[in-house]
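K.L.:
Below are the chains, spelled out letter by letter.
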Amino acid sequence: MTGSGEQPLPEPGDLPLEAMELSLQQLVLESPDIKAFLTELAVLASKRLSSPGNRIHSGVTVLRQKRPQAVAASDAAAQALDELQNRFGQGPCLTALRQGSTLLVPDLAAEDRWGPYVRTAEQHGVSSILAVPLDLAGDAEAVLNLYSGRSNGFSGEDITTVESFVAQAASSLRLILRISQLKEARNDLTAAMQSRTVIDMAIGAIMAQNRCDRETAFGILTRASSTRNIKLREVAATVITSISGEQRITAHFDD
Amino acid sequence: MNADWTGDPDQLMEADEQRRDVARRFRSTQVPMIKLWTYYYGLGGDADEMSFDAYLNEALHLPASQVALIATAMRELSAGGDQ
Numbered sequence: 029m030t031g032s033g034e035q036p037l038p039e040p041g042d043l044p045l046e047a048m049e050l051s052l053q054q055l056v057l058e059s060p061d062i063k064a065f066l067t068e069l070a071v072l073a074s075k076r077l078s079s080p081g082n083r084i085h086s087g088v089t090v091l092r093q094k095r096p097q098a099v100a101a102s103d104a105a106a107q108a109l110d111e112l113q114n115r116f117g118q119g120p121c122l123t124a125l126r127q128g129s130t131l132l133v134p135d136l137a138a139e140d141r142w143g144p145y146v147r148t149a150e151q152h153g154v155s156s157i158l159a160v161p162l163d164l165a166g167d168a169e170a171v172l173n174l175y176s177g178r179s180n181g182f183s184g185e186d187i188t189t190v191e192s193f194v195a196q197a198a199s200s201l202r203l204i205l206r207i208s209q210l211k212e213a214r215n216d217l218t219a220a221m222q223s224r225t226v227i228d229m230a231i232g233a234i235m236a237q238n239r240c241d242r243e244t245a246f247g248i249l250t251r252a253s254s255t256r257n258i259k260l261r262e263v264a265a266t267v268i269t270s271i272s273g274e275q276r277i278t279a280h281f282d283d
Numbered sequence: 866m867n868a869d870w871t872g873d874p875d876q877l878m879e880a881d882e883q884r885r886d887v888a889r890r891f892r893s894t895q896v897p898m899i900k901l902w903t904y905y906y907g908l909g910g911d912a913d914e915m916s917f918d919a920y921l922n923e924a925l926h927l928p929a930s931q932v933a934l935i936a937t938a939m940r941e942l943s944a945g946g947d948q
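Chains W and Z, in that order, are what the protein sequence lines are. Each residue of the first sequence is one higher than the one before, starting from 29 at the first, in our numbering. Each residue of the second sequence is one higher than the one before, starting from 866 at the first, in our numbering.
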C-alpha cells in the first residue's frame, strides 16, 4: 500500500485499550502460583504473630491501575476487612501502600484519620492495625495487612519480625514475577511465530496470484481484514485454505 | 527528527499527525512496548524493536505499510487479542 492516509486510524475513543493491558499487577492478580504464594504469606504472618487471646487476621491487597484489590488472606475475616477498606477507598493499609512504609494504628478508638472506615472496622471488632508494604521494585504494589482485636495488639518486636519477613517475601515475589513475565514473553513469541508463518505464506500466495509486490499484497490483506473486521491472521488462513485446502499451518521450530 | 523522510512535505505533515495519534493511543494503554512489538512481528511486521520504539516515541518515521500493521496490531490486541 502507498500513502499514509489510506488506512485511517480509528478514533482513540473507539478502543477500549485499558482492557488489553497485561501488566505485572495483572500477573499478581491472576497467576494461581502467585495467589497461592500470597495466601501462604498471609497465613504464615497470622500464625507467627497470633498469641492466645490475640488472634491476628492477615490479608494482602494489590494495587492495580491505582485500584486496590484484596487477593489473599489468612481467613475470611481478614478478606472481608481488606475488601471493606478497598470499598471505602481509604484506610491505613492503603495509606501504607501509597507512602511505601510501615504504618501502625495502635488503637482505632483514638484514631481520627480515615473516619468512616475506622468506625466500620471497629464495629467488626478490630482495635489495632499494622500495614507493611511489599517492595516489589516498581513492578507491582502490594501490602500485607494485619488486624488485631486488641488495642496495642502489635509489639515493637512484632513489627520488626513482620518487616523482615515481608522483605524476604518481597524478594521471592520479585523473582516469581520475573519468571512469569519471561514465560509470558516466550508464549507471546511462540504465538507470533505461528501467526507470522501463516501470514507470510498468504502474502506469498497473493503476490503470485496478483503478480504484485509484497507491500501491495500486505495492503490487500490488511484491507480485507479491517473492512470485514476479521483478524489479519484469520484472513491469511482463509487465503491459504482456499488455495491448498490446508487447515493447519504450523511454524517449523521446537520450543 | 524527520531526516528519515524522503516524501513530499504535505505527506510528511499527514504522517506526523498519524504518528502522533498512534503514539498517544500507545501511551494511554498499559501494554508493554515489547508485547505490542511481538504481536506486530506476528502480523509480519519488519521494523525492529528499536525502530518500533522510536516510532512510538515520535522520533522516527516508518513506511506506510508498517504503520498500517502497527494500527492493525493495536486494533487486534484491544479487541481481546488472544492469538
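Don't read these hints as lab results, they were simulated from the structure. Given the structure is predicted, the values throughout are model-derived calculations rather than measurements. Using N, Cα and C, we set each Cβ at its ideal position, and we do this for glycine too. Careful, some of the hints might be misleading.
Cβ-to-Cβ under 7 Å is the rule here; a few derived chain W residues that face chain Z [said to hold, decoys possible]:
id	residue
1	D216
2	A220
3	R224
4	D228
5	T250
6	K259
Derived Cβ-Cβ restraints for the label pairs, each shown as a range [what the hints assert, rightly or not]:
id	chain 1	residue 1	chain 2	residue 2	range
7	W	D61	Z	E914	26 to 34 Å
8	Z	D911	W	T255	34 to 42 Å
9	W	N180	Z	N922	22 to 30 Å
10	W	D103	Z	A924	46 to 54 Å
K.L.:
Each hint should be assessed against the structure and marked as holding or not.
P.N.:
Going down the list of hints, with the structure as the test:
1. Look at W/D216: its Cβ gets to within about 5 Å of chain Z, closer than 7 Å, so that hint holds up.
2. Here the hint on W/A220 is kept, as its CB sits about 3 Å from the closest CB of chain Z, short of 7 Å.
3. Checking W/R224 against chain Z: minimum C-beta separation of about 5 Å stays under 7 Å; hint holds.
4. A hinted interface residue such as W/D228 counts as satisfied when its beta carbon comes closer than 7 Å to some beta carbon of chain Z; here the least separation is about 6 Å, so the hint holds.
5. Checking W/T250 against chain Z by beta carbon gives a least distance of about 5 Å; that is within 7 Å, so the hint holds.
6. About 5 Å separates the beta-carbon of W/K259 from the nearest beta-carbon of chain Z, less than 7 Å, and the hint is met.
7. Between W/D61 and Z/E914, the C-beta spacing of about 28 Å keeps the proposed range 26 to 34 Å intact.
8. Between Z/D911 and W/T255 the C-beta distance comes to about 23 Å, which lies outside the given range of 34 to 42 Å.
9. For W/N180 paired with Z/N922, a C-beta distance near 53 Å fails the hint of 22 to 30 Å.
10. The supplied range of 46 to 54 Å is met by W/D103 and Z/A924, whose beta-carbon atoms lie about 53 Å from each other.
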